[in-house]
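Asker: Sequence:
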Amino acid sequence: MKMFFTLLILSSLFLCSCGGSTQWTPHSYKKASKIVYKQVPADFIPRKLTVVSAGDSLTQGVGDSTNKGGYLPYLKKMLEKEKGIKEAEFYNFGVKGNRTTQLMKRLQTPEVKSAISQADLVILTIGGNDIVKVLRDNITDLQFSDFTRGKEEYSVHLTQIMETITQENPNAKIVLVGLYNPFSKWFGNIKELDQIVGDWNSAGQSVIANYPNAYFVHIDDLFNENSENLLYKDNFHPNDKGYKLIAGRLNQTLGERTLPDLERNSLMVSKEEN
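Going by this note's numbering, the first residue of the sequence shown is number 1, and it counts up by one from there.
These are calculated hints, taken from the structure and not from any lab test.
Positions of the beta carbon are idealized from the N, C-alpha and C atoms, including for glycine.
Misleading hints may appear alongside valid ones.
Unchecked claim - Listed next, the in silico DSSO-like pairs over lysine-lysine satisfying Cα-Cα at most 27 Å (straight line):
| hint | residue 1 | residue 2 |
| --- | --- | --- |
| 1 | 191 | 77 |
| 2 | 86 | 68 |
| 3 | 83 | 244 |
| 4 | 151 | 48 |
| 5 | 113 | 77 |
| 6 | 68 | 96 |
| 7 | 77 | 96 |
| 8 | 76 | 96 |
| 9 | 76 | 86 |
| 10 | 133 | 151 |
| 11 | 81 | 105 |
| 12 | 48 | 191 |
| 13 | 151 | 81 |
| 14 | 241 | 96 |
| 15 | 83 | 68 |
| 16 | 233 | 48 |
| 17 | 96 | 83 |
| 18 | 81 | 48 |
| 19 | 133 | 76 |
| 20 | 96 | 133 |
| 21 | 191 | 233 |
| 22 | 191 | 68 |
| 23 | 233 | 76 |
| 24 | 244 | 86 |
| 25 | 233 | 83 |
| 26 | 241 | 83 |
| 27 | 191 | 76 |
| 28 | 233 | 77 |
| 29 | 241 | 86 |
| 30 | 105 | 77 |
| 31 | 81 | 133 |
| 32 | 105 | 233 |
To be verified - Here are the simulated distance ranges between beta carbons:
| hint | residue 1 | residue 2 | range |
| --- | --- | --- | --- |
| 33 | 144 | 171 | 17 to 25 Å |
| 34 | 198 | 256 | 33 to 41 Å |
| 35 | 191 | 109 | 16 to 24 Å |
| 36 | 235 | 198 | 35 to 43 Å |
| 37 | 146 | 209 | 43 to 51 Å |
| 38 | 171 | 82 | 16 to 24 Å |
| 39 | 87 | 198 | 35 to 43 Å |
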């Protein structure tokens, strides 16, 4: 147990140096003043899919050698091969170091609200830095119960995030990407790490289960059960291979659940009033 907490403290100090805000430049948006619903087969005319990605460094793409947004460019290519999708347009609102409380504040900005209001799909990566905050706040006397309390706060904040998104756009599909344990390959004998991540993933699943348009995507097994090195040189964030696997898992879930739901819905054709 002493080794476990020592590792967590050292890890938290390292992650603190990776946090902080970064500049992000959202697209400009123009809201349609009138919505006309038309019943059209989804594959009759290939449609444009609008995707908003928001959250922390996994959305920003820290560790991506191309600096193009981590899993986003891989997922874009995969989606555009799907039947009925002509183009997948992504808006990246990922900021490294962001926690649930910080994401909540950014969801209230006009730029992000406008993007969500027009989105077919919202993908979230959030929660890892909430765990880091538990480490920082209790660094002198870290107890396992601290993570339990932190998990409860995470659930409350995640619920607020979901409510904000669904109120802005009740028709959007929402995907929460689960957490993974970046230290499992090197410190697999420290089972407390896996338990903490597993508990927080279960909390995320419980929140998502309350929303019929939302889905939870596990990625922890991609890192725990792979002999390849999927981490960037910081041994925390995914590398290119890791991001590609995350995109593949997302595409699999979207193909099985989200895209069929979107195809069953009536296509929305937006027209501006003259």
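Asker: Taking the hints in turn, state whether each one holds.
Answerer: To see whether the hints hold, each was checked on the structure:
{"no.": "1", "hint": "191 <-> 77", "result": "violated (37 Å)"}
{"no.": "2", "hint": "86 <-> 68", "result": "holds (21 Å)"}
{"no.": "3", "hint": "83 <-> 244", "result": "holds (21 Å)"}
{"no.": "4", "hint": "151 <-> 48", "result": "violated (37 Å)"}
{"no.": "5", "hint": "113 <-> 77", "result": "holds (26 Å)"}
{"no.": "6", "hint": "68 <-> 96", "result": "holds (14 Å)"}
{"no.": "7", "hint": "77 <-> 96", "result": "holds (24 Å)"}
{"no.": "8", "hint": "76 <-> 96", "result": "holds (21 Å)"}
{"no.": "9", "hint": "76 <-> 86", "result": "holds (11 Å)"}
{"no.": "10", "hint": "133 <-> 151", "result": "holds (11 Å)"}
{"no.": "11", "hint": "81 <-> 105", "result": "violated (35 Å)"}
{"no.": "12", "hint": "48 <-> 191", "result": "violated (44 Å)"}
{"no.": "13", "hint": "151 <-> 81", "result": "violated (38 Å)"}
{"no.": "14", "hint": "241 <-> 96", "result": "holds (19 Å)"}
{"no.": "15", "hint": "83 <-> 68", "result": "holds (25 Å)"}
{"no.": "16", "hint": "233 <-> 48", "result": "violated (36 Å)"}
{"no.": "17", "hint": "96 <-> 83", "result": "violated (34 Å)"}
{"no.": "18", "hint": "81 <-> 48", "result": "holds (12 Å)"}
{"no.": "19", "hint": "133 <-> 76", "result": "violated (32 Å)"}
{"no.": "20", "hint": "96 <-> 133", "result": "holds (14 Å)"}
{"no.": "21", "hint": "191 <-> 233", "result": "holds (23 Å)"}
{"no.": "22", "hint": "191 <-> 68", "result": "violated (34 Å)"}
{"no.": "23", "hint": "233 <-> 76", "result": "holds (25 Å)"}
{"no.": "24", "hint": "244 <-> 86", "result": "holds (21 Å)"}
{"no.": "25", "hint": "233 <-> 83", "result": "violated (37 Å)"}
{"no.": "26", "hint": "241 <-> 83", "result": "holds (26 Å)"}
{"no.": "27", "hint": "191 <-> 76", "result": "violated (35 Å)"}
{"no.": "28", "hint": "233 <-> 77", "result": "holds (26 Å)"}
{"no.": "29", "hint": "241 <-> 86", "result": "holds (26 Å)"}
{"no.": "30", "hint": "105 <-> 77", "result": "violated (31 Å)"}
{"no.": "31", "hint": "81 <-> 133", "result": "violated (40 Å)"}
{"no.": "32", "hint": "105 <-> 233", "result": "violated (31 Å)"}
{"no.": "33", "hint": "144 <-> 171: 17 to 25 Å", "result": "violated (41 Å)"}
{"no.": "34", "hint": "198 <-> 256: 33 to 41 Å", "result": "violated (23 Å)"}
{"no.": "35", "hint": "191 <-> 109: 16 to 24 Å", "result": "violated (40 Å)"}
{"no.": "36", "hint": "235 <-> 198: 35 to 43 Å", "result": "violated (20 Å)"}
{"no.": "37", "hint": "146 <-> 209: 43 to 51 Å", "result": "violated (25 Å)"}
{"no.": "38", "hint": "171 <-> 82: 16 to 24 Å", "result": "holds (19 Å)"}
{"no.": "39", "hint": "87 <-> 198: 35 to 43 Å", "result": "holds (37 Å)"}
When the structure is compared with the earlier hints, violations turn up for hints 1, 4, 11, 12, 13, 16, 17, 19, 22, 25, 27, 30, 31, 32, 33, 34, 35, 36, 37 and for no others.
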